[in-house]
Amino acid sequence: MEEEQLIQEIVCGNTLAFKMLMEKYQNRVFCVAMGFVHSKEDAEDLTQEVFIKVYLSLSTFNHESKFSTWLYRITINTCINFANRNRKRRLLQSLEDVWHSAFNQRDEEQTPLEKMEISERNLLIKKAIDSLSDRQRVAFILSKYEELPQKEIAAIMNTTEGAVEQLLQRAKNNLQKKLKRSVGN
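In my numbering, the protein residues as written are 859 to 1043.
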């Protein structure tokens, strides 16, 4: 079934068609959410929230853009709103994760100190990504996590390819600066 027909079936109340649409895009939405929240549980919750929003507003989809573009916009807005509401809680959770992974996992090849260093490095990377401006973070996540071409990112972000290229370059420069300060090299 073609996507446009699938959408029409959903608008007419066909829940099986919605299940098919959800199965097609669920992993993409989840990956984008992971890029924003870095937590499997939160990403799963966000994925569910996105598809609820899609189901409730699918009748307003006007087919001016591709469905995937519309879906990414909903996903990004939902993730940004969640991230802004939950910054403090996520920082505390990240610190707890560092502690937990360093001392509670059994791995003979890594000492607790090595595990803690790896966890701290991962936390620094997550914090650096989270500290980017919303537009830089969106462009970076769609480019690096979803591996979308700049043309599609531009459509999702409702901007030009040149603007996306600038956002990606600025994000890269900002991440390098932040990580260089944190790591010291």
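Worth double-checking, as some hints may not be accurate.
To be verified - Simulated crosslink set (SDA-like; lysine to any residue; CA at most 20 Å straight-line): (1) LYS984 / SER926; (2) LYS1038 / LEU981; (3) LYS1009 / LYS1036; (4) LYS1002 / LEU1026; (5) LYS924 / LYS898; (6) LYS924 / TYR883; (7) LYS1009 / MET880; (8) LYS924 / THR936; (9) LYS882 / GLN1024; (10) LYS1002 / LYS973; (11) LYS1038 / LEU1026; (12) LYS911 / GLN866; (13) LYS877 / PHE940; (14) LYS973 / LEU1037; (15) LYS973 / LYS984; (16) LYS911 / ASN872; (17) LYS898 / MET880; (18) LYS1035 / ARG993; (19) LYS1030 / LEU990; (20) LYS1038 / ALA941.
Stated by the list, open to error - Label pairs and their calculated CB-CB ranges: (21) ASN920 / ASN1031: 35 to 41 Å; (22) ASN942 / GLN906: 44 to 50 Å; (23) ASP903 / GLY871: 21 to 27 Å; (24) TYR913 / ARG943: 21 to 27 Å; (25) GLU860 / ILE910: 19 to 25 Å; (26) ASN1031 / GLU1005: 18 to 24 Å; (27) LYS1038 / ARG931: 14 to 20 Å.
No wet-lab data here; the hints were simulated from the structure. From the three backbone atoms N, C-alpha and C, an ideal C-beta is built for every residue, glycine too.
Ascending list of hint numbers which this structure does not respect
The structure conflicts with hints 1, 3, 5, 7, 9, 10, 13, 20, 22 and 27, although it agrees with all the remaining ones.
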